[in-house]
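Colleague: One letter stands for each residue in the lines below.
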Amino acid sequence: MTTLTKSNHADHAAEFIADSQRTGWHDQALWFIRAKRDKAAQAVPEWEQLRELASQIKLHTLAHLPDYLEEFEANATRKGAHVHWAHDAQEHNQIVLQILQDHGAKRIVKSKSMLTEECHLNPHLERHGIEVVDTDLGERIVQLRGEPPSHIVLPAIHIKKEEVGELFHRCLGTAAGATDPKYLAEAARGHLRDKFMNAEAGITGVNFAVAETGGFVVCTNEGNADLGISLPNLHIACLGIEKLLPRAQDLSVFLRLLSRSATGQPITTYTSHFHGPIPGGRLHIVLVDNGRSRIRQNRLFRESLKCIRCGACMNTCPVYRRSGGYSYDNTIPGPIGSILGPLQDPKHNRSLPYACSLCGSCTEVCPVKIPLAQQLLTWRGEIVRMHLLPWTKRLAMKAASIVFRNTWLYNFSGKMARWFLPKMPRFLIYNRFNAWGKHREIPAFPQHSFRELYEKKNGRKQQS
Amino acid sequence: MQVGLFVPCYIDQLFPDIGFATIEVLEKHGVEIDFPRQQTCCGQPMANTGCKEDTRPLAVKFYEIFKDYPYVVCPSGSCVSMVRHHYDDYLAGRPGFEELKHKTFELCEFLTDVLGVERIEGRFPYRVGLHNSCHGHRGLRLGQPSEIVAPPFNKVGKLLSSLDGVQLTQLCRPDECCGFGGTFAVNEEAVSTRMGLDRLSDHEQAGTQVLTAADMSCLMHMEGLIRRDRKSIHVMHVVQIFAGRQPPF
Amino acid sequence: MAASSKADILRTLRGTIVESVELPNLDQPWTTFEDRLGQFCTVLQAVGGQAVRAGDMDEVNRELEQLPAYAEAKKVCSLVDGIRKANVQLENATDPHQLEDVDFFVAAGRFGVAENAAVWLTDEGLRHRALYFLSQHLALVLPAAELVDNMHQAYQRLSFAEPGFGLFLSGPSKTADIEQSLVIGAHGARSHTVFLVG
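Chains V, G and F, in that order, are what the protein sequence lines are. Using the numbering used here, the first residue of the first sequence is number 1, and each one after it goes up by one. Using the numbering used here, the first residue of the second sequence is number 1, and each one after it goes up by one. Using the numbering used here, the first residue of the third sequence is number 1, and each one after it goes up by one.
Isolated chain V (complex conformation):
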């Protein structure tokens, strides 16, 4: 009955869940990754200490961010990189386009970067006649399907191998009906190797940028980022300004946490450290704000900038697992996306903080200890304050508050409900207005409340 907006997580989720079997499959796949994360974390006795240190390092960095950014720029420049600053997504896209055009590059390969997704870089480049191939296998799959990633680390988690087989048959000429992942991955290997060999430039994201050294780290399992930027001689690295760390040694903490949190691996296969361009090549680094400095001003949600984009919160979220990334209709889904999304567009994303049972699991898995569940709850207060909660809900809460404020009214309402409801025919209780009653029985309403019975038992001896 109650929907928060037209683009409403609850509606999308209901559609997703209608395919009950697929929902179970999606949920199990992600729970399996959560379980792998648990196993990997349990193997590190100092895990909780690492989380606390990571949190502190990020909080310190956030406090001194302007200084660290300038230090990074100075050191990166000294090592031969060109550093650019982009105020917002549009400027980021303009800068990247300009660099490519100056270089005469028309065929680009790109490794996973949620920042470039956030800025919608691909369509911008394509509008200017540049071919952009996403080279992470999961990203390539969704790119060929014309879809956005549904998870920030596992972009194709929502897709079955039969569907990949069908896609590759259409786009890569693999055998019809083939579903063997090895066979399909081999086909992708050949197809993407072609793209790597013919690329004129490579774009990557950045997992961590180090102020002290002017370098940055890119983590992959496939090696696609490295292939993408070691063959062409132009490398463009894009990052949000919150990706900074002060010292190289800080990487030890984050690299121990990142892949264990993301996929349950002790480290990604490739953890590449870039300091300056390839000899004879060019390295451009684009620092992007796009609302981050504004979030930093907001004490309520500042801690969300600690995020290292590991996806652990998504894997553990019982709602995400059962509704899929697309239900959030936001670049980043899941718990962290439900905090960042409303920060970018509170109106469009107002249903997201409510797409949550407040179970708190996300808070417990976050490697940098962002109080995710608490921030989701805080967001609800903000949504009410911004008058974005539908009046039906506001009225219901106001009415409830009045009832609870006045003990006599509370007692009276309870008594009326307990008197009427058991007498009502089923069709009056269970209908389309009763969302609770769609799949659940309502509790049996007893004749007397606890306090009525208590008072009967003990007499009215209490004055309070």
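Read the hints as simulated data drawn from the structure, not as lab findings. If you're wondering where the values come from, they're calculated on a predicted model, not measured in any experiment. C-beta atoms are modelled at their ideal positions from N, C-alpha and C, and glycine is treated no differently. Take the hints with a grain of salt, since some may be wrong.
As the list claims (entries may be wrong) - List time: in silico SDA-like cross-link candidates among lysine to any residue, alpha-carbon distance up to 20 Å:
1) Lys161(V) - Ser181(F)
2) Lys75(F) - Val88(F)
3) Lys438(V) - Asp229(G)
4) Lys423(V) - Pro446(V)
5) Lys75(F) - Lys161(V)
Stated by the list, open to error - Residues on chain V that point at chain G, a partial pick, calculated with CB under 8 Å:
6) Ala10
7) Arg107
8) Ala355
9) Lys398
10) Phe404
11) Arg440
With chain V held as given, fit chains G and F onto it using these hints.
Modeller: Quick look at chains G and F alone, frame taken from chain V:
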């Protein structure tokens, strides 16, 4: 020892026996109960919707009613979590508020941490499925969440296991959320229902005969699903088990 | 325009007072392993790589010849002296694209990390770092004594004062993007063997 009994609104109206079971268990352990009858609701449904101004008067009401008791005990982890973690916005600075936060306890933690109870006398020879309600589990740390790398413990489980004959069943996901989540149960009905059904499937595979928890809200949601699908799992609040109530089979 | 974006961003950042937290000291008693070599080998196997103990380069060569991928390799490149089958002259490659058909690459690891079987590699003496990713198969030669326990010790050994490229490599290239099925050899090396020498 005297405690103020805080009975959650929905237990007061819909599950009165839980209130009585709470009194029985506390009195059995030498505690004198006072039930201040002006109490109504901790304000959680309003707070969880983001309606802080509608919550404020209820927080104040709670504070005024309960602030002078030596202890406040409540058979609900989520209501106690509300007082301990979410009342600062409304009551910070008021005299006795910090103390009130520290002396308001969920029933099981009151038994283990304040009264030092190690064992509940009685017999309950059934396969018991413990649902670790999120607010109590992660919010009040009634048990060690499975996400955390630290020695395991579970105050509720420990008390349950101490009864003769109790067999705690082994779940695939020991502390996944049931999907009640307050107004979430209605706003995101599809997800809520699916989460509850998945919890029940886990209990079915584990052989649970009696499903229990320290929060009746979770149980109310799962019981609603059980009754609609005519499943045979019997639902009881932990305090009813402690008080010696037996299932009908 | 770009200069003003930088100024704008820095101005906004400096205009906000954010409570500072002290940067923590990372000098702590981190987990170490009694059998560092054993831990390294166990983890390497778990991540899809292979660990081989060898006394000297002769033994390395003998062991290499046991690997089917090496035995069948037509183009073998080596940065390590004494690899008998090496037949690709790296100095002749002016462009990394020319190395596309290298079947087997033998490189020198600087040190390894026991907790995650990572080996630190650099582009020192290697004009085309692409080879680490282009070669169909990869073998690393690492002195067995050059192992640290954990990443904290690893970074104590590293300095980034000069421009350059460095890589922690742990196991072969892999992906699980097709319905979570693990496939070894996504885009990079299909196999990964570490020879622990000495």
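Colleague: Please list, smallest to largest, the hint numbers that this structure does not respect.
Modeller: Of the numbered hints given earlier, those the structure breaks are 5 and 7, listed in rising order.
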